[in-house]
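Student: Work out the full structure, taking the sequences as your base and the hints as a guide.
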Amino acid sequence: MSYTIALGTVGGGLWVGYNGGEKWRQIQGPMDPESNVRALAVDPRDSQHLVASVDFDGIYRSLDGGSRWERAATLTDRPIWSLSFDPHDPKRMYAGTRPGLFVSDDSGASFAEMTTTMSDRCVIGVPRTTNVLVDPNDPATVYASVEVDGLHRSRDRGATWESFGQLGPSEFYNDVHGFALRTCGDDTELLVTSPFGLGRSRDDGDTWDWHEFEGFEGSKFEFAYSRCVRAPWGDDTVVVCVGDYIPGRTGAIEVSRDGGASFQRAQLPETPKATMYWLATHGELPGVIAANSVYGQIYISDDSCESWRKLEREFGEIRASVLIPTQ
Numbered sequence: 001m002s003y004t005i006a007l008g009t010v011g012g013g014l015w016v017g018y019n020g021g022e023k024w025r026q027i028q029g030p031m032d033p034e035s036n037v038r039a040l041a042v043d044p045r046d047s048q049h050l051v052a053s054v055d056f057d058g059i060y061r062s063l064d065g066g067s068r069w070e071r072a073a074t075l076t077d078r079p080i081w082s083l084s085f086d087p088h089d090p091k092r093m094y095a096g097t098r099p100g101l102f103v104s105d106d107s108g109a110s111f112a113e114m115t116t117t118m119s120d121r122c123v124i125g126v127p128r129t130t131n132v133l134v135d136p137n138d139p140a141t142v143y144a145s146v147e148v149d150g151l152h153r154s155r156d157r158g159a160t161w162e163s164f165g166q167l168g169p170s171e172f173y174n175d176v177h178g179f180a181l182r183t184c185g186d187d188t189e190l191l192v193t194s195p196f197g198l199g200r201s202r203d204d205g206d207t208w209d210w211h212e213f214e215g216f217e218g219s220k221f222e223f224a225y226s227r228c229v230r231a232p233w234g235d236d237t238v239v240v241c242v243g244d245y246i247p248g249r250t251g252a253i254e255v256s257r258d259g260g261a262s263f264q265r266a267q268l269p270e271t272p273k274a275t276m277y278w279l280a281t282h283g284e285l286p287g288v289i290a291a292n293s294v295y296g297q298i299y300i301s302d303d304s305c306e307s308w309r310k311l312e313r314e315f316g317e318i319r320a321s322v323l324i325p326t327q
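Just so you know, we're using the working numbering here: the sequence shown kicks off at 1 and counts up by one.
Quick caveat, the hints were computed from the structure, so don't treat them as lab data. For glycine and all other residues, C-beta sits at the position ideal for the given N, C-alpha and C. Please note: incorrect hints may appear among the correct ones.
Dumping the calculated DSSO-like pairs for lysine-lysine here, alpha-carbon to alpha-carbon at most 27 angstroms [claimed, not checked]:
1. Lys273 x Lys23
2. Lys273 x Lys220
3. Lys220 x Lys23
4. Lys273 x Lys310
Quick list of simulated restraints, FRET-style, between CB atoms [said to hold, decoys possible]:
5. Ser110 x Arg309: 39 to 45 angstroms
6. Asp204 x Asp235: 39 to 45 angstroms
7. Phe223 x Asp258: 31 to 37 angstroms
8. Glu314 x Ile246: 16 to 22 angstroms
9. Gly29 x Glu162: 38 to 44 angstroms
10. Arg309 x Arg257: 41 to 47 angstroms
11. Asp120 x Phe172: 31 to 37 angstroms
Tutor: Take a look at the structure:
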């Protein structure tokens, strides 16, 4: 099973790791090799089509699995924190920004800002749109998670939006870092992560069941700080990145085999030196998952989280990663 890993870093640009991360190359152009790349996405219809955001520079694309890149769109007035393709429409893409949300209907050549229910100010300053997902079973339904402004939904492909309101007992439950959708029979379960853990809803967001993760020795919190969440393989597996804080001094990976009702902390070959931050999977790579800490350590599982290996190469601050099946 051969694949490439692409990493977006803060201050170190974009890196591509061939043969599962054995050999690495920094992309030197046309993007600045010292840029901030906070978002990456792979086209679900064409795994060789990638997009990457560069702070205050725009969006770049590759049509050959990450080897060569070109400027695709100029979104230069704000950082881009998330990118996603619409799985139902080959020309439609979303860019989550700080603040706001943009949409493209011409394969990423141009973007227009959407009118949403998101705020442009929050308790930490300017909110960041951390995830944008289109419901795989309903092309009209689009979700956007915001740090710190909760979860928002459109039922008409983004023409109008609604906020889910408060997701928990305090405003920081609306500090949504991770968001995923999990198909449960005829229903879709919503999964969100905040500093307090994992929230699950099976009633369209009317109520939320929150799960706190065990804290770390020496941390000022009794619970673990949660980041990315994935429900990667269409079964009951749910994976969550956690740590002691952000950027943190240690981290872990939590794995559930019962849809998020209970979790077990993964046994990693080396303790992370910072909070575990991001998870990368791909539909053509069943059982493969890459996890990175915010400060550059990368762990890979090729057997659905049963075992893990750490890549020898370490990086600076990693904010995004994707897996690319090798053609």
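Student: Going through the earlier hints one by one, which of them does the structure break, listed in rising order?
Tutor: Hints 3, 6, 7, 10 and 11 not satisfied by this model.
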